[in-house]
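A.B. asks: Counting from 1, one number per residue, gives the positions in the sequence shown under our numbering.
Calculated from the structure, these hints are not laboratory results. C-beta: ideal position from N, C-alpha, C; glycine also. Take the hints with a grain of salt, since some may be wrong.
Just the calculated beta-carbon pair ranges, DEER-fashion [said to hold, decoys possible]:
#, residue 1, residue 2, range
1, His27, Ala160, 45 to 51 Å
2, Glu86, Ala10, 39 to 45 Å
3, Arg112, Gly64, 19 to 25 Å
4, Asp139, Glu72, 29 to 35 Å
5, Arg26, Gln167, 35 to 41 Å
6, His27, Glu86, 37 to 43 Å
7, Asp163, Gly64, 35 to 41 Å
8, Ala10, Glu72, 25 to 31 Å
9, Gly64, Gln194, 48 to 54 Å
10, Ser191, Asp171, 18 to 24 Å
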Amino acid sequence: MIRGKGFDRAKFEEAFRIMGQYLLDRHVLGEIAIYGGSAILFQFDWRQTSEDIDARIISGSHHGLVTQAADEAAKLLGLPRSWLNETVTMYTRRGEDVSDQVFVGVYPSPERVGLRVVAAKPSYLLAMKLSALQRSTPDDRDFQDATNLGIACGASTEEALRDVFRQFFPDQVLPTIAEVRLRELAQAIQSRSQSG
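With the hints as constraints, model all of the structure from the sequences given.
C.D. replies: Right under this line is the structure:
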C-alpha cells in the first residue's frame with residue numbers, strides 16, 4: 001500500500017462535488033479525464049493519496065468554466081491552485097477515446113449533474129507509468145505504481161509489459177532508461193504476485 005503526502009479520495013470527491021455544483025449553477029456539463037496517481041486512487045485501494053489530480057478537460061467548449069470551477073473548489077477547500085493539473089496532456093496518447101477510459105462518477109450527485117469524471121483504464125495507466133520509469137523520484141513511486149498495475153493487468157513478463165506499452169503508444173519506443181528497468185519491474189511483479 002502506498003501512503004504519503006497528498007490528498008485522499010474523499011477530499012477529491014468533495015472538490016468534484018463543488019465543481020459539479022458550480023457548473024450546474026451555470027447550466028453547463030463539464031467533463032474531465034484523470035490520469036496518474038489520482039486515477040489509480042479512484043480504481044484501487046492500494047493507493048491512498050495523490051498530491052494532485054492529473055487531468056485533461058475533455059469538454060473543450062467549457063474549458064474556462066471547468067477551470068473556474070476547479071479554482072472555486074481550491075478556494076473553498078484550501079487546496080493548492082494547481083490541484084487540478086493539466087500538464088499530463090503532453091503524455092496522453094494521440095487518438096485517445098472512450099475505450100481508454102472507465103467511468104468514475106458524476107457530481108454533485110447522480111440526480112444533478114454538472115461534472116462527469118472518467119479515468120484512464122488500468123492498462124493505459126500502466127503504459128503511461130512504463131514511460132515514466134525514465135524519471136527518478138525519491139520514493140520511486142512510478143515503479144511501485146507500475147508493479148501494482150502490472151499485477152492488476154496480468155502483465156508479468158518483459159514482453160507482456162512491452163505489449164501493453166505498444167497497445168497504447170504504437171508509434172513510440174520506450175525511453176532507454178525505462179527499457180533497462182523492464183527486467184527489474186517484471187521480477188518485482190512476479191515476486192509480489194507469488195507472495196500475495
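A.B. asks: Could you run down the list of hints and mark each one as holding or not?
C.D. replies: Hints versus structure:
The hint said 45 to 51 Å for the Cβ distance between histidine 27 and alanine 160, and at roughly 47 Å that hint holds. Between glutamate 86 and alanine 10 the CB atoms are about 23 Å apart, so this pair departs from the stated range of 39 to 45 Å. A hinted range of 19 to 25 Å for the beta carbons of arginine 112 and glycine 64 is consistent with their spacing of about 22 Å. With their beta carbons about 32 Å apart, aspartate 139 and glutamate 72 fall inside the hinted range of 29 to 35 Å.
Checked against the hint of 35 to 41 Å, the C-beta distance between arginine 26 and glutamine 167 comes to roughly 38 Å, which is consistent with it. Checked against the hint of 37 to 43 Å, the pair histidine 27 and glutamate 86 fails, with Cβ atoms roughly 24 Å apart. The supplied range of 35 to 41 Å is met by aspartate 163 and glycine 64, whose beta-carbon atoms lie about 40 Å from each other. For alanine 10 and glutamate 72, the hinted distance range of 25 to 31 Å is not satisfied, since their beta carbons lie about 18 Å from each other.
For the pair glycine 64 and glutamine 194, the beta carbons lie near 50 Å from each other, so the given range of 48 to 54 Å is met. Checked against the given bound of 18 to 24 Å, the beta carbons of serine 191 and aspartate 171, roughly 32 Å apart, lie outside it.
Violation of the numbered hints given earlier is confined to hints 2, 6, 8, 10; the remaining hints are satisfied by the structure.
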